[in-house]
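> Assemble the dimeric complex from its two separately framed chains, guided by the hints.
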Amino acid sequence: MTGVLAQIGSFFTTPVAYAATEAAEHAAEGAEHAAEAAHGSGIHVVLKAEEVFNLFGFPITNSLIMTVITTVVLIAFAFFLRKKLALIPGKLQAGVEMLFDGVLNYMTETLESEKLARAFFPLIMTIFLFVLVANELSFLPGVGSLLVEHMGSSVPLLRAPAADLNMTLALAVIAFLVIEIAGVVVLGFFKYAGKYVNFSSPVNFAVGIIELASNIGRLISFSFRLFGNVFAGEVMLVVVGFFLAYLLPVPLMAFEVFVGFIQAVVFSMLTLFFIKLAVMEPHGNESH
Amino acid sequence: MDQLLETFGVDWKLLLAQIVNFGVLFIALTYLLYKPVLKTLDERKAKIAQGVLDAERAAEAAATADADAAKVVKGAETEAEGIVSSARDLAGSEKARILKEAETRAAAVASDADARAKEVAAKALRDSEKEIARLAVLAAEKVLRDSK
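If you read the sequences in order, they're chains A and B.
Just so we're aligned, residue 1 is where the first sequence starts under the numbering used here, counting upward by one.
Just so we're aligned, residue 1 is where the second sequence starts under the numbering used here, counting upward by one.
Any given hint could be a false lead.
As the list claims (entries may be wrong) - Only pairs whose alpha carbons sit at most 25 Å apart, straight line, appear in this in silico BS3-like list of lysine-lysine:
| no. | chain 1 | residue 1 | chain 2 | residue 2 |
| --- | --- | --- | --- | --- |
| 1 | B | LYS118 | A | LYS115 |
| 2 | B | LYS118 | A | LYS91 |
| 3 | A | LYS83 | A | LYS276 |
| 4 | A | LYS191 | A | LYS84 |
| 5 | A | LYS84 | B | LYS130 |
| 6 | A | LYS276 | B | LYS35 |
| 7 | B | LYS130 | B | LYS142 |
| 8 | B | LYS47 | B | LYS35 |
| 9 | B | LYS39 | A | LYS115 |
| 10 | B | LYS47 | A | LYS115 |
| 11 | A | LYS91 | A | LYS191 |
| 12 | B | LYS47 | A | LYS91 |
| 13 | A | LYS115 | B | LYS123 |
| 14 | B | LYS118 | B | LYS130 |
| 15 | A | LYS83 | B | LYS130 |
| 16 | B | LYS47 | A | LYS84 |
| 17 | A | LYS83 | B | LYS148 |
| 18 | B | LYS39 | A | LYS91 |
| 19 | A | LYS91 | B | LYS35 |
| 20 | A | LYS83 | B | LYS142 |
| 21 | B | LYS35 | B | LYS45 |
| 22 | A | LYS84 | B | LYS35 |
| 23 | A | LYS83 | B | LYS45 |
| 24 | A | LYS84 | B | LYS118 |
Since the hints were derived computationally from the structure, they do not count as laboratory data.
Bound conformation, chain B alone (with noise of 0.2 Å):
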């Protein structure tokens, strides 16, 4: 055993040497190399969950924002139509209630011109019957006055 181990050059003095420069290179590379790559691996792998995370919540967002929208034009829509529809009905009963307005007046007008006209004829009438009395008597007069 003795020789093998002098064979291979082996001396618990290099042994021991190589032991603690192994030892000192895993500590080092353990706080200078493993332990901040893989904090930082870390907080990218955190740092991607959440930022897939935000993009779903903002998806989801945009999806219920996009039905509010939907919804709010439907309604809107609606109420459109419905005021459009109110509004025709009105001018539809308006219109009628002018023109019933209208024809009551131009009735009346035509039946107080009617009235006026057959008022004036009548005066016309009494004024000439008037005219031919005095006419009459006046001839009488004449009548009477050349016979004397």
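Looking at chain A on its own, in the form it has when it is part of the complex (with noise of 0.2 Å):
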């Protein structure tokens, strides 16, 4: 896939290629490229949101817009529903119900308790509503096409969120944060610190070292899955739209539409198995 995207950016002299996380030294030419390729005809590809305008000194980017957006949308459809909560479920609420049920109980599944499920499940549901809104908000016509003047070159106005690190990163350091705190708030801080340093033997400091630092790399693995996903549809989407911008994006549009939700459950399920570890009793030696 990464060769295949390299050809296409080689071809078009954009860095669509180095929305693979490894190239990231070389991304930095390539979005200088991708900034002079905007001006020019061919495909505008830019690896970081853009400023559209700057507010007392904070850049406003064009995801930081799409996020806000999106929170307005949940929260206005929170405040809809809520006006219309009744004890006999209209279809609406109903659908809303079974997801929350469903969820609710897979968590209690899945954490062996329901006092826990009911506790993270608002951090859970927040995730993934948020992800899942973002990510098909931004396949509303307007999201990456309406452009506006700013010091002196066109960006886009609206760009999905989950395509610029900010918000991935944003997402991860929340659940990288309430992962390692819910495991000292169950377990006590010296037997959750006692699973990652353990001077038992050898081995198993050795274990709780790699674990220690695979903990870290969630940081990373959860803010760039969600980012590689989200960009490299968007990348995709607008490459074949040059090729051919009527019919054919509409089957890939469709799987990007599955691709948003699914990443919305994978974060989501992994912050929860996440949870699940960090709150599990160490098991002396099985704890790897």
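Structure representation (structure tokens):
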């Protein structure tokens, strides 16, 4: 996949290939190329979210605008549903209830505790809804195609939130902190720390250190997984749209809608599983 | 590292903005969506559990009521049977008594009539004897008068 993208990327002299995380250094040049390419004809692909305007020295990027829109949509939906909430549910309420009940049951099974499931339900559900709505809203017409002038160049007004590493990294930081804090709160600091710093045997010590590193590695895997998927999808749609703007992007767009959903599921489920791993009692030699 | 962050446009201001945004969304959805919906779910669950319990209780009550009714009917039947049979017994004995009484009375009447008939016959005999005697006397007197 990366190879194909690299070919296309070099063909259009745009940094499509550099969506891959390993190519971070090259991407710097790529981004510059892209900025140049944006003025000429061809594909406009930029790795980072662009600043649309500046508010008292605070850069407002196109992704941030879309993030705020997503938040507003979700809160408006919550207000709307709350007003119509009744013991005998309507269709919408029944659907939401089915989702919540299913997720809560699944979490109870996974965490093996209804109390923990209810405690972590808001976080898992918010991650899921936020990523899902953010991804799916990005397929609305206008996202990426509406352009505004900023500092002499035209930039898209809106950009998929997850196509900005700031958003995915923020989610990853939140998930990471919640996972670690959950471990400390449920197990106690020393017991939790004992999972990673373990002097009972050299093997256990090594395993603990590796595990500690993998915990920190989650920050990267969490953020780049979501970013990579959504960004790659955007790029693919742009490239295909450049070849043939009509009909051809439709199946790919349908697939990207599915990817948007899957990424929301993956992000929230992984958070749940890591919470489970963090709150699990350490089993002596078994812990690995 | 700096270059990497710069390449992906990671900016602590934006990162913070995203975290704050998520925090706001988290709090808003928790109080506007999750708590009310989960409360409704719990309420409904409790209500359904109560309903099932009530239904079970009602079914139990109905079952006991059925058994009670059957018992009452059975009792009534036995009682009615007893009443009928005792009434039949009573009627039988009464009939026998009445028959016996009637027989006695009839016998009495018959014997009475017999006695009276006998008396009448005896009286008639006596009367006729007296008459015959008187007639005989009269005849004798006549004979005597003629002979004079």
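> Would the pair B/LYS47 and B/LYS35 pass a check requiring their Cα atoms to be no farther apart than 25 Å?
holds (18 Å)
> Check the hint pairing A/LYS91 with B/LYS35 against an upper bound of 25 Å on the C-alpha distance.
holds (19 Å)
> Holds or violated: A/LYS83 with B/LYS130, Cα cutoff 25 Å?
Cα-Cα ~135 Å, so violated.
> Given the hinted pair B/LYS47 and A/LYS115, is their Cα-Cα distance within 25 Å?
holds (21 Å)
> Taking only the CA atoms, is the gap from B/LYS47 to A/LYS84 under or equal to 25 Å?
The given pair, whose Cα atoms are some 20 Å apart, holds under the 25 Å limit.
> If you draw a straight line from the CA of B/LYS35 to the CA of B/LYS45, is it 25 Å or shorter?
With a Cα-Cα distance of about 15 Å, the restraint between B/LYS35 and B/LYS45 holds, given a limit of 25 Å.
> Hey, A/LYS83 versus B/LYS148, does the alpha-carbon distance stay inside 25 Å?
violated (160 Å)
> Taking 25 Å as the top limit, are the C-alpha atoms of B/LYS39 and A/LYS91 close enough?
Between B/LYS39 and A/LYS91 the Cα gap is close to 18 Å, so the pair holds against 25 Å.
> Need the status of pair A/LYS115, B/LYS123: alpha-carbon distance at most 25 Å?
Not OK: A/LYS115 and B/LYS123 at ~127 Å, beyond 25 Å, violated.
> Quick one, are B/LYS130 and B/LYS142 close enough, alpha carbons at most 25 Å?
holds (18 Å)
> Next pair to validate is A/LYS84 with B/LYS130; report whether the Cα-Cα distance is within 25 Å.
violated (133 Å)
> Tell me if the straight-line CA distance from B/LYS47 to A/LYS91 falls inside 25 Å.
Holds, at about 20 Å.
Against the hints set out earlier in the document, violations occur for numbers 1, 2, 3, 4, 5, 11, 13, 15, 17, 20 and 24.
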